Amino acid sequence: SQQGEEDPQALSIQEGENATMNCSYKTSINNLQWYRQNSGRGLVHLILIRSNEREKHSGRLRVTLDTSKKSSSLLITASRAADTASYFCATGQGAQKLVFGQGTRLTINP
Amino acid sequence: GAGVSQTPSNKVTEKGKYVELRCDPISGHTALYWYRQSLGQGPEFLIYFQGTGAADDSGLPNDRFFAVRPEGSVSTLKIQRTERGDSAVYLCASSLTGPGGAFFGQGTRLTVV
Numbered sequence: 001s002q003q004g005e006e007d008p009q010a011l012s013i014q015e016g017e018n019a020t021m022n023c024s025y026k027t028s029i030n031n032l033q034w035y036r037q038n039s040g041r042g043l044v045h046l047i048l049i050r051s052n053e054r055e056k057h058s059g060r061l062r063v064t065l066d067t068s069k070k071s072s073s074l075l076i077t078a079s080r081a082a083d084t085a086s087y088f089c090a091t092g093q094g095a096q097k098l099v100f101g102q103g104t105r106l107t108i109n110p
Numbered sequence: 001g002a003g004v005s006q007t008p009s010n011k012v013t014e015k016g017k018y019v020e021l022r023c024d025p026i027s028g029h030t031a032l033y034w035y036r037q038s039l040g041q042g043p044e045f046l047i048y049f050q051g052t053g054a055a056d057d058s059g060l061p062n063d064r065f066f067a068v069r070p071e072g073s074v075s076t077l078k079i080q081r082t083e084r085g086d087s088a089v090y091l092c093a094s095s096l097t098g099p100g101g102a103f104f105g106q107g108t109r110l111t112v113v
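Protein sequence lines, in the order shown, are assigned to chains A and B.
For the record, in the first sequence the residue sitting at position 59 is 59 according to our numbering, with numbers rising by one throughout.
For the record, in the second sequence the residue sitting at position 1 is 1 according to our numbering, with numbers rising by one throughout.
Keep in mind the hints are simulated off the structure, nothing from the lab.
Computed from a predicted model, the values in this text were never measured in an experiment.
Hints may contain errors.
[To be verified] Each computed DSBU-like pair below joins lysine-lysine, with the alpha-carbon atoms no more than 30 Å apart:
(1) A:Lys-97 with A:Lys-70
(2) A:Lys-26 with A:Lys-69
(3) B:Lys-11 with A:Lys-26
(4) B:Lys-78 with A:Lys-69
(5) A:Lys-26 with A:Lys-97
(6) B:Lys-11 with B:Lys-78
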């Protein structure tokens, strides 16, 4: 069963704008990770935030984690056409089991 | 190899047949995961190996599905008496033990006709 729920399910913005995606989860976690998927095949790991961290940056990516609200957000700044993809959050539970959400389909319009 | 390799990339089989899907993880990665993904959905967890043993197989949908990792490296996902509902992309991932991201293969697209 899926645990995470991404919001929105689909997002379409203009190139150069910022994109924000949210993820909510239900159980306690060790960490939360964000992945990108192009064309419905392999996923690419973007960033991991541990349960004792509140914010993390990697290049144009900014991730926040609020364990009291069981939610996380992924911000992509200065979006590019190449950022068009599906984005998934995954919660690390127990001995590294990863549970994925349904994903947000992001479209960047040139 | 440099990444996680899955073979075959595509598999078409008839309903009722047996299939095996193979995953070659990144060398040295002790954790290996199998996921199933249907169109427009997120990856659905099937099973997780730590070394040779299945640490968590709670995602296997029924007893037609079985996975092995006999030497702690290559893993095979086996599906007996395939059904049309088994059609999906089957994804494999591996990671080092401990916090860190998982590396995914390109998946096997299984079509049961």
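Hints and how they fare:
Restraint check for A:Lys-97 and A:Lys-70: satisfied, since their Cα atoms lie roughly 17 Å apart, inside the 30 Å limit. Restraint check for A:Lys-26 and A:Lys-69: satisfied, since their Cα atoms lie roughly 9 Å apart, inside the 30 Å limit. For the suggested pair B:Lys-11 and A:Lys-26, the alpha carbons sit about 35 Å apart, so the restraint of at most 30 Å is broken. Simply put, B:Lys-78 and A:Lys-69 have alpha-carbon atoms about 39 Å apart, too far for the 30 Å limit, and the pair is violated.
Taking the CA atoms of A:Lys-26 and A:Lys-97, the gap is near 15 Å; set against the 30 Å cutoff, the hint holds. Proximity of B:Lys-11 to B:Lys-78 is assessed by CA-CA distance (about 13 Å); at most 30 Å being required, the pair is judged to hold.
In summary, the structure is inconsistent with hints 3 and 4 from the numbered list given earlier, while agreeing with the others.
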